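Now for the letters of each chain:
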Amino acid sequence: MERFTLDNGLRVVLAPDRSVPVVAVSVFYDVGMRNEPEGRTGFAHLFEHMMFQGSANVPKMEHARLVQAAGGTFNGSTHQDYTNYFEALPAEALERALFLEADRMAAPAITEENLRNQIDVVKEEIRVNVLNRPYGAFPWLQLPQIAFESFANTHDGYGSFVDLESSTVDDATDFFSRYYAPGNAVLCIGGDVDVAETERLIQRWFGPVAARPVQPIPETGEARPTEVRTAIVEDALAPAPALALGWRVPDPVGDFHGYLGTVLLAELLSEGDASRLERRLVHDDRIAIAQSSYVGLFGDPFDVRDATLLTTQVHHPAGVPADRVHAAIDEEILRIATDGVGADELRRVQARTEAQLLRQADSVLGRTLGFAAAELIHGRAELAGELAARLAAVTPEQVRDAARGLDPDSAAVLELRATGGRR
Amino acid sequence: MTGGLDLSLIPPLGEPRPQPVPEAHETTLPSGLRLVTVPRPGVPLIELRLRVPFAARTAVAAGEHTARGAVLSGAVLLGTSRHDQTGIAELLQSHGAELSISTDPDRLLFATTMLPDGLGPVVGLLAELLTDATYPDDQVEGERGRVAERIAIARSQPGVIARTALAARRYGDHPYAIQLPDDALVAAVDGEALRTLHRERVLPAGSSLVLVGDLDPGQAADVVTAALDAWSATGHAVEAPPAPELRVPGIAVVDRPGAVQSNVRLGGPAPGRTDADLPAVRLANMIFGGYFSSRLVENIRERRGYTYSPRSSVDHQAAGSSFIVEADVTTEVTGAALLETWYELGRMALTPVSEAELDGARRYILGSMALSTATHAGLASTLSALIGAGLPAEWLAEHQQALGAVAVEQVQDVSLRYLAAEALTAVVVGDSDRIVSQLQALAPVTLTKDQDPA
Numbered sequence: 003m004e005r006f007t008l009d010n011g012l013r014v015v016l017a018p019d020r021s022v023p024v025v026a027v028s029v030f031y032d033v034g035m036r037n038e039p040e041g042r043t044g045f046a047h048l049f050e051h052m053m054f055q056g057s058a059n060v061p062k063m064e065h066a067r068l069v070q071a072a073g074g075t076f077n078g079s080t081h082q083d084y085t086n087y088f089e090a091l092p093a094e095a096l097e098r099a100l101f102l103e104a105d106r107m108a109a110p111a112i113t114e115e116n117l118r119n120q121i122d123v124v125k126e127e128i129r130v131n132v133l134n135r136p137y138g139a140f141p142w143l144q145l146p147q148i149a150f151e152s153f154a155n156t157h158d159g160y161g162s163f164v165d166l167e168s169s170t171v172d173d174a175t176d177f178f179s180r181y182y183a184p185g186n187a188v189l190c191i192g193g194d195v196d197v198a199e200t201e202r203l204i205q206r207w208f209g210p211v212a213a214r215p216v217q218p219i220p221e222t223g224e225a226r227p228t229e230v231r232t233a234i235v236e237d238a239l240a241p242a243p244a245l246a247l248g249w250r251v252p253d254p255v256g257d258f259h260g261y262l263g264t265v266l267l268a269e270l271l272s273e274g275d276a277s278r279l280e281r282r283l284v285h286d287d288r289i290a291i292a293q294s295s296y297v298g299l300f301g302d303p304f305d306v307r308d309a310t311l312l313t314t315q316v317h318h319p320a321g322v323p324a325d326r327v328h329a330a331i332d333e334e335i336l337r338i339a340t341d342g343v344g345a346d347e348l349r350r351v352q353a354r355t356e357a358q359l360l361r362q363a364d365s366v367l368g369r370t371l372g373f374a375a376a377e378l379i380h381g382r383a384e385l386a387g388e389l390a391a392r393l394a395a396v397t398p399e400q401v402r403d404a405a406r407g408l409d410p411d412s413a414a415v416l417e418l419r420a421t422g423g424r425r
Numbered sequence: 012m013t014g015g016l017d018l019s020l021i022p023p024l025g026e027p028r029p030q031p032v033p034e035a036h037e038t039t040l041p042s043g044l045r046l047v048t049v050p051r052p053g054v055p056l057i058e059l060r061l062r063v064p065f066a067a068r069t070a071v072a073a074g075e076h077t078a079r080g081a082v083l084s085g086a087v088l089l090g091t092s093r094h095d096q097t098g099i100a101e102l103l104q105s106h107g108a109e110l111s112i113s114t115d116p117d118r119l120l121f122a123t124t125m126l127p128d129g130l131g132p133v134v135g136l137l138a139e140l141l142t143d144a145t146y147p148d149d150q151v152e153g154e155r156g157r158v159a160e161r162i163a164i165a166r167s168q169p170g171v172i173a174r175t176a177l178a179a180r181r182y183g184d185h186p187y188a189i190q191l192p193d194d195a196l197v198a199a200v201d202g203e204a205l206r207t208l209h210r211e212r213v214l215p216a217g218s219s220l221v222l223v224g225d226l227d228p229g230q231a232a233d234v235v236t237a238a239l240d241a242w243s244a245t246g247h248a249v250e251a252p253p254a255p256e257l258r259v260p261g262i263a264v265v266d267r268p269g270a271v272q273s274n275v276r277l278g279g280p281a282p283g284r285t286d287a288d289l290p291a292v293r294l295a296n297m298i299f300g301g302y303f304s305s306r307l308v309e310n311i312r313e314r315r316g317y318t319y320s321p322r323s324s325v326d327h328q329a330a331g332s333s334f335i336v337e338a339d340v341t342t343e344v345t346g347a348a349l350l351e352t353w354y355e356l357g358r359m360a361l362t363p364v365s366e367a368e369l370d371g372a373r374r375y376i377l378g379s380m381a382l383s384t385a386t387h388a389g390l391a392s393t394l395s396a397l398i399g400a401g402l403p404a405e406w407l408a409e410h411q412q413a414l415g416a417v418a419v420e421q422v423q424d425v426s427l428r429y430l431a432a433e434a435l436t437a438v439v440v441g442d443s444d445r446i447v448s449q450l451q452a453l454a455p456v457t458l459t460k461d462q463d464p465a
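Going line by line, the protein sequences match chains V and U.
To convert, take the position in the first sequence, counting from 1, and add 2; that gives the working numbering.
To convert, take the position in the second sequence, counting from 1, and add 11; that gives the working numbering.
What the hints contain is simulated information worked out from the structure, not anything from laboratory work.
These numbers were taken from a predicted model, which means no experiment stands behind them.
Think of the CB as a built atom: it goes at the ideal place given N, C-alpha and C, for glycine as much as any other residue.
One or more of the hints may lead you astray.
Which residues of chain U face chain V? A few of them, derived with a C-beta cut under 7 Å, are [claimed, not checked]: (1) 52; (2) 105; (3) 111; (4) 112; (5) 126; (6) 160; (7) 163; (8) 168; (9) 271; (10) 286; (11) 318.
Construct the entire structure; sequences and hints are all you get.
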């Protein structure tokens with residue numbers, strides 16, 4: 003792996019692998035939903051959309067055409083702590099992708115017309131994913147409201163329609179200026195590349211992007227809660243109730259050792275028919291239709307740098323009270339906290355986790371995104387390649403300690419009540 | 012918009028580098044099972060796909076068959092005479108595997124990844140499931156209850172309501188009309204019914220097993236042959252009967268009171284995988300709405316902001332292929348969005364596409380095929396679908412060549428036949444009080460107030 007920094011501050015990571023003639027190009031900007039200002043909920047995501055509206059030398063729609071007509075795919079995504087943009091392309095299209103990313107890093111087409119259009123598109127995205135479907139906000143928009151205190155951690159990262167509609171071109175220009183400086187980004191390229199040639203191309207296209215001051219990243223962490231917080235939400239579209247529990251977990255960066263124990267605990271609790279909660283809730287007690295546990299708001303434990311949760315969510319039949327489900331989950335966690343876990347059980351979970359990590363890394367794009375996230379969050383892209391070994395080294399004691407950290411007296415408890423019958 | 016821009020800045024593409032050609036080893040076991048193994052560099056994993064033909068025998072039997080299949084796909088993992096449910100799950104997990112089992116109107120599919128040392132044990136367990144799944148009565152009861160609850164949740168999703176309504180309107184009483192089984196039929200499934208279904212229909216004849224990844228083809232074939240020796244039940248694979256399109260004119264509205272969006276769906280026939288028209292139709296689909304750089308996305312998303320992810324696709328089922336258009340649009344512009352969609356369909360049928368559009372679509376299909384088969388999982392799924400359809404692995408390369416030969420005139424010719432609005436069945440799910448009058452401006456509307464199956 004090669005690493006260097008351009009004069010304008012852009013950090014670059016190259017991860018060559020010439021086994022298939024494919025390259026992945028990704029740019030990660032160090033700004034996410036947690037960084038958006040009050041009154042501008044959803045702005046990080048709205049701005050992500052604006053980055054696809056063309057740039058100084060690329061007309062609207064042409065970004066997509068230039069990637070896709072080269073045989074490539076593209077996308078972007080907004081996370082709590084970063085926003086990323088990426089392409090996977092045939093190797094011969096590398097320079098084109100570098101040009102496109104550099105052009106929008108220098109000057110995206112932030113116009114009134116583009117902004118109004120993308121506000122409409124984002125509202126449709128929210129309607130599809132949240133407003134027009136059952137369980138749309140459950141639990142990712144609803145649980146943080148009770149699990150955390152600060153605006154950074156509790157607000158709706160998709161954005162309220164009021165905030166979205168009142169967004170202006172000036173807001174977008176300010177946001178770009180503040181957060182999209184080359185010094186606030188990581189460029190990570192993986193796949194079929196020649197290192198020396200790629201360095202030359204990066205200098206050519208990204209070198210001229212003007213340096214701008216980079217603001218220090220504000221802390222978004224907050225103190226651990228000291229009491230249970232509960233909320234009940236009604237979902238008029240849902241046919242059956244659901245329950246989500248959220249516990250604060252060790253710091254994803256500062257206490258990586260403890261964090262890895264928690265990541266495996268989530269797997270041990272809920273991955274597959276052999277897992278503790280699948281057996282207890284679904285098969286033995288038959289009080290759940292489906293269950294899952296995961297670390298990180300979007301289910302990726304390695305895309306967060308600050309305070310986050312282990313979430314357990316359960317869909318259960320209307321005839322089963324939420325309290326009964328809750329009590330069974332608490333019992334299972336207490337059992338691990340008290341009795342620990344067997345080495346055999348943990349080894350099986352580690353084998354499954356290893357296979358899942360390898361599967362993700364089998365695509366050049368998946369691997370490259372992992373390196374980029376690790377570079378941005380931990381300052382070490384290599385960590386992404388070491389995760390399987392780090393997780394394989396987790397001990398039964400670490401998992402037991404992680405379970406002890408899931409204190410029932412400081413959990414956030416969200417009950418979803420189905421109030422709409424079949425629709 | 013382009014004035015003042017210096018497009019000469021855009022770097023040209025370099026020389027394409029050769030695509031690795033997968034080395035597929037094919038053999039047929041004495042039982043009739045087709046085995047395909049593909050050694051592939053990359054991560055140390057093996058991907059497994061076992062595809063078993065699983066169509067309903069007749070339209071009349073389809074409701075019950077679908078209900079039993081839905082329960083069977085979970086219940087097959089409930090136990091064998093040697094392993095209980097937990098034992099099965101633990102064995103798989105210890106090799107990094109987790110079997111996902113799913114059904115659709117054509118087949119039953121077993122799929123998993125695994126660490127390379129798991130090949131013997133995982134295929135051994137698969138053999139046990141195929142020959143010795145016990146379907147314990149009490150646990151089947153629990154499973155069918157969960158299936159019923161999951162179906163109720165699925166039915167509350169607007170996308171599922173729309174897909175179900177479109178399939179019913181296109182296929183009438185053909186098995187393909189059934190997207191989700193009926194609650195009462197699910198409630199009637201018991202262990203005995205599943206044991207019978209398994210015995211009669213989970214057969215090696217017509218089935219195919221695909222293994223891709225970190226393996227030695229000879230060794231893998233030996234492991235599979237030895238492990239699956241006992242899976243020798245005889246019988247004939249059942250394929251779905253031909254699926255004629257009813258082509259009901261007008262627009263069917265399914266009422267979803269209070270919906271803030273309408274789910275617009277259009278669907279009609281498309282050429283199958285061996286039809287010479289397929290390459291041109293795939294290209295026409297891309298140019299119309301198959302990817303972001305398409306006319307539909309440019310029009311109703313990037314110009315008008317009516318929708319987030321409008322799209323079109325060509326899908327293949329054994330007894331019929333489909334061209335499908337989907338757009339979830341805000342309620343107020345439902346009629347306008349359908350009008351623009353029809354306009355873009357009409358433009359495809361009546362005027363030629365540009366060479367640039369055709370070339371872009373072609374390069375995208377070829378590039379995305381290369382990307383999607385550049386992982387063990389992607390290649391395994393692609394090969395399993397091909398072989399399940401009775402096609403050789405070489406079909407991929409032949410299809411790529413055929414895509415290269417398609418001309419502008421052919422795209423217009425197939426668009427006239429397959430993409431014309433007149434060829435497509437139209438369904439809209441939404442708040443009927445607010446959308447019927449909009450849609451009536453375009454075509455006659457029939458309204459369904461209740462989406463529950465009769």
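A quick look at each hint next to the structure:
1. The restraint placing residue 52 of chain U at the interface with chain V holds, with a minimum CB-CB distance near 5 Å, inside the 7 Å limit.
2. For the restraint placing residue 105 of chain U at the interface with chain V, the shortest Cβ-Cβ distance is roughly 4 Å, inside the 7 Å limit, so the hint holds.
3. For residue 111 of chain U, the suggested interface contact is broken, since its CB lies about 10 Å from the closest CB of chain V, more than 7 Å.
4. Taken as an interface hint, residue 112 of chain U does not check out: its beta carbon lies about 11 Å from the nearest beta carbon of chain V, beyond 7 Å.
5. Against a cut-off of 7 Å between C-beta atoms, the interface hint on residue 126 of chain U holds, since the closest Cβ of chain V lies about 6 Å away.
6. Among the interface hints, the one on residue 160 of chain U holds; its C-beta lies about 4 Å from the nearest C-beta in chain V, closer than the 7 Å criterion.
7. Nearest Cβ of chain V to the Cβ of residue 163 of chain U: about 5 Å, under the 7 Å cut. The hint holds.
8. For residue 168 of chain U, the suggested interface contact is upheld, since its CB lies about 6 Å from the closest CB of chain V, less than 7 Å.
9. A distance limit of 7 Å between C-beta atoms decides the matter here; for residue 271 of chain U the minimum to chain V is near 5 Å, and the interface restraint holds.
10. The interface hint given for residue 286 of chain U is broken, as the beta carbon of that residue sits about 24 Å from the closest beta carbon of chain V, more than 7 Å.
11. Nearest Cβ of chain V to the Cβ of residue 318 of chain U: about 5 Å, under the 7 Å cut. The hint holds.
Consistency with the previously given hints fails for numbers 3, 4 and 10, ordered from lowest to highest.
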